[in-house]
Structures are given as C-alpha cells and as structure tokens.
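> Go ahead and model the full structure; you've got the sequences and the hints to work with.
If you read the sequence shown in numbering that gives the first Met the number 0, its first letter stands for residue 0, the second for the next number, and so on.
Incorrect hints may appear among the rest.
[Stated by the list, open to error] Quick list of the computed label-pair ranges, beta carbon to beta carbon:
{"no.": "1", "residue 1": "Phe487", "residue 2": "Lys193", "range": "40 to 48 Å"}
{"no.": "2", "residue 1": "Ser17", "residue 2": "Pro500", "range": "48 to 56 Å"}
{"no.": "3", "residue 1": "Glu393", "residue 2": "Gln474", "range": "23 to 31 Å"}
{"no.": "4", "residue 1": "Gln75", "residue 2": "Ile361", "range": "49 to 57 Å"}
{"no.": "5", "residue 1": "Ile361", "residue 2": "Ser461", "range": "30 to 38 Å"}
{"no.": "6", "residue 1": "Ile130", "residue 2": "Arg335", "range": "44 to 52 Å"}
{"no.": "7", "residue 1": "Ala409", "residue 2": "Ala467", "range": "33 to 41 Å"}
Read the hints as simulated data drawn from the structure, not as lab findings.
These figures come from a predicted structure and were not determined experimentally.
Virtual Cβ for every residue (Gly too), placed ideally from N, Cα, C.
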Amino acid sequence: METRLITYDDAVNNRLFSMGQFSPRIAVMIPAHNEEDSIADVLKSLSEQSIPKGLEMDIYIALDNCTDNTEKIIMQCNARYHLTVFLLRTVDNKQRKVGALNQLYQLFWGNPIDPVHQDIGGLQKKYAESIVAFVGIDADVYLDKDCIRILWSELSQNHKIGAVSANYTCLVPESARRHLRNDPNRERLLRQGKYGTPLNRWWVAQQNREFAQWTMKQKYAGHFAEIAGGQCSIFRPKAAKEVSECYKLNGLYDDKSDTEDLLLTQYIRACGWVCLISKHARCYVDSMKTLHTYSSQRNKWVSGTTDYMLQDGLSTKYARRLWIQESGLFINLLIRCLFVVLVGLSVLTEQFYWNWIWITPIIAASILNLILTLKTPNSRFIDVVLAALLISPEIYLWITIGIHINVWLAKIKITKQDGWANQYRAETGQTRSHFVLYFLLFIFGVATAAYFIEVNSGLLASQTIQTALKPYLMQGFVVLTILTIFEFMVMIHQIWRLRGPYKA
0 METRLITYDD AVNNRLFSMG QFSPRIAVMI PAHNEEDSIA DVLKSLSEQS
50 IPKGLEMDIY IALDNCTDNT EKIIMQCNAR YHLTVFLLRT VDNKQRKVGA
100 LNQLYQLFWG NPIDPVHQDI GGLQKKYAES IVAFVGIDAD VYLDKDCIRI
150 LWSELSQNHK IGAVSANYTC LVPESARRHL RNDPNRERLL RQGKYGTPLN
200 RWWVAQQNRE FAQWTMKQKY AGHFAEIAGG QCSIFRPKAA KEVSECYKLN
250 GLYDDKSDTE DLLLTQYIRA CGWVCLISKH ARCYVDSMKT LHTYSSQRNK
300 WVSGTTDYML QDGLSTKYAR RLWIQESGLF INLLIRCLFV VLVGLSVLTE
350 QFYWNWIWIT PIIAASILNL ILTLKTPNSR FIDVVLAALL ISPEIYLWIT
400 IGIHINVWLA KIKITKQDGW ANQYRAETGQ TRSHFVLYFL LFIFGVATAA
450 YFIEVNSGLL ASQTIQTALK PYLMQGFVVL TILTIFEFMV MIHQIWRLRG
500 PYKA
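Okay, structure coming up:
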C-alpha cells in the first residue's frame, strides 16, 4: 500500500500495474482543490472503513490546481494509514470539480477528445473491469466507519440500482470560547470549522434540519433519491459507463450546470437505472457557518437547479417536483406579504378584528418544525425550542426566499456567474457580505414608515380612508384566507407523513 503520483499516460501505456490479475475492488474518487485543512480527516475516515469481505479499496485523488500543501499532507497521512492512494494532477482543467472528476474517470474509460492516445492500455482495461463500484466523495467529508459497507450492500440488492446516496449531516462546531483560549493552533482550528460561535452553530443547525427534511422526504417516497449527492454516493460502473456513452460525456459528469450531481442523477434515471437514498449510511459533510458563505453555496445550488427546471420544463417527474417546490416558496412569500400589508392597513385604519381560528396554521407550523427538529441528528435543546417557537424556521425561510429571488433575477442577465468561484472566494474570505448594509436600509425603511404613520395617524383612521380601503381589504383577506388554508393542508399532510419511523 502506497501513495503514487500518476498521469493519464500511465494508464495508456500500462504503467500503473505490473500484473494482469485483479481482485474485485471499490474505487473511491475524490476531487481536491486546496484542501489542506480537511483532507487528513477524509483519509482518516477512509482508513477506518469496514470494507466488505472479498473487496479491496483504491483511492484516486485529483489534485486540481492546488496551491497549498494538499499533496504533502496526503503523503504524510498515508504514511500512517497505509492506504492505496493514486494522485492525479489535473491538466488544463477549466471545469473545476467536474473537470477534475472527469479526468479521474478517464483513467478507466479513456479520453475521447484526446487525438494522440484516446484509449487506455489493455492492462488498465482489465483493472477497470475489476472495479465493482465507484464511490464519489468530497475532500471535506468524514464517513461513518460503516458507510461504504452499507452503500455497497444496498447497491448490490438489485441489479437495476445504479446509484445510492448517503445520509448527510453537518457536525456542529464546538464552542471556541471554551476550548481555544490559549491554543496556538486556534486560527487553523477555527478555519477548519471545528470550533465556532453560537451564531455559527445556529447556521449549522438550520442546515442539518434542511438536510433532515430533504432526506426524510426521499425516504417516505420509497427511498427515491432526488439527487445522488456528490458529497458521498456509490455508483454501479455499468450504469456510470452507460451514462458517459449515452450523453457523449468526457468522463462521468456534465459541466453545463453548477449542480453536476443533479444532472448525473437524472441521466442515470433516464438510462433506466434506479437512484436510491441509503437507509443508514452516514456521511458528515462540511457546513457553511456564516450567512455570506451559506448564501454563496446556496446561490450555486439553486442556480443549477433552476437551470435544470428551465431546460426540462415539466417533462420529467423530478422537474415537476421542483416547480411545485418553487411555487410553494412563492406562495409562502405571497402569504407573508399579504399578511403584513393587510393587517398593517387594517390596524392603521382601525378596521382590524382578531379571529382565533387564524392561530391554527401557526400551531400546525410549530408542530411540523418541532417534529422535524426532533428527527434531525445532533439537535440541541435550544434548536428544539427555537423551532417550536417558529423563530429559526421563519428566519431561515426569509433567507431562502431571498436567495431564490436573487437567482431568478440573475437568470435575466446575459452574463453567467461562476457559482464555484463565488463560493470559493466566500469561503476563503476574499469577498464580504452586504448583510449589514441591507439591514441598515431595512431599519431606515421601517423608521421612515413609522414616522409617516405617526404624522398621518388621524388621516388614516378617517371615515373616507376606511370606506375607500374596506373593499380592497375584504378581498385581500379572502385571498389570504384561501392561501393560508391551502398551506395549512400542506402542513397537515407533511405532519401525517412524518408519523412513520424514518429518521434523517
């Protein structure tokens, strides 16, 4: 077991292996761009994996334009773990993660656009035939020790299964104040995300709840995987090769979207294979611990999802689901805007009357979020309280709505933004958030509105204004009531489905 630096030429000229007999094996594929702070944890978790009996594990890492010590740390770590690791430095890669992964897969399938040596050598082909599964993971995850074994077991249950995705959970950072007062490695540990502030932990808790809701929705739908996530998924080689050939790809992934794993999942399904989410396989993924980094990541994800929606329209089942989800988000925005405007005008014109039946959707939302939080791994007591009081869900919803609005507005522009570059710059501190500016503008707007109301309070409550606004208020409340009843029924349906034994 060793760490070897390889090239595509080695695969073409049969220089990777000296023997022609290969036992069945699992190939782990990892794209790495400046991952010196996290790659050691990935290798540690791989060294602890309980690999199925009779199988071997080879690890392929694409060093994609690394300018830090990622390669050096891999060498140092593997001297301790003794894994079979192959390092490939990417060549002229302009497609970021997609390009890095595709260059790894070319080691087994050849490079169809290389005019000099398109095909790999015969010995390399025999090696590729011995691979019974590809496991794609990110360079900042930590796998549960049974993760790969469970994924392989579930992939092997039925030949029509083409991919199985793990269950994702973010690790909550420990208190920086409690553990890092005099630690000389303080800055490095904070940068790695192992420690953080209460606000950092709140962000992680919201992402965990979102992962949990997404995971349980898939499990209640017969373990139908919406996306075989790039953080950790296992693929059947036959299904992966069929996708590559059917869609004329230069590897396994298509670079026309920021969400390459979404496209791959739909390609696998279009070729007749089934994509599932695992029952128990656990993968601990990196989280975004600030509003700025979270917004950058989600902008990339939502942008890729929106591209898929616009491209496929209503032609696929998953595209229709996405349009329904987007419509639900718009309805939630409309309900809140109508509520603020209608209740505000009613109070100002002294025409507001409270009806206790209006509290029923609030109770339903509280119960729904309470159940979701209780079913979320690593939930704290404060997370449960904030969810039951609807504080965290409401804040998170408004942030989500803002991200979706920003993405749709960006689609109007001619120039396309590089989602990967934006996220990387945000995570490395090269860009800054404008949240404080927006918050100050919001406070100024509220203060201006309050001053206007104070000055014109007598006029707003006059009979003339009341008479003029009353029919509009009545019709507005009718619309608001209909939308609220619809959302209430949706929440009741979600609560009913969550009664089962599934956990995220």
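> A separate judgement is required for each hint: does it hold in the structure or not?
Consistency of the hints with the structure:
Between Phe487 and Lys193 the beta carbons are some 42 Å apart, a value that agrees with the proposed interval 40 to 48 Å. Our hint of 48 to 56 Å for Ser17 and Pro500 holds, since their Cβ atoms are close to 51 Å apart. Against the hinted window of 23 to 31 Å, the Cβ-Cβ separation of Glu393 and Gln474 comes to about 26 Å, which satisfies the hint. Evaluation of the 49 to 57 Å hint for Gln75 and Ile361 yields a pass: the beta carbon distance comes to about 55 Å.
Our hint of 30 to 38 Å for Ile361 and Ser461 holds, since their Cβ atoms are close to 33 Å apart. At roughly 51 Å, the beta carbons of Ile130 and Arg335 sit within the given window of 44 to 52 Å. Under the hint 33 to 41 Å, the C-beta atoms of Ala409 and Ala467, about 39 Å apart, fit the expected range.
When the structure is compared with the earlier hints, no violation turns up for any of them.
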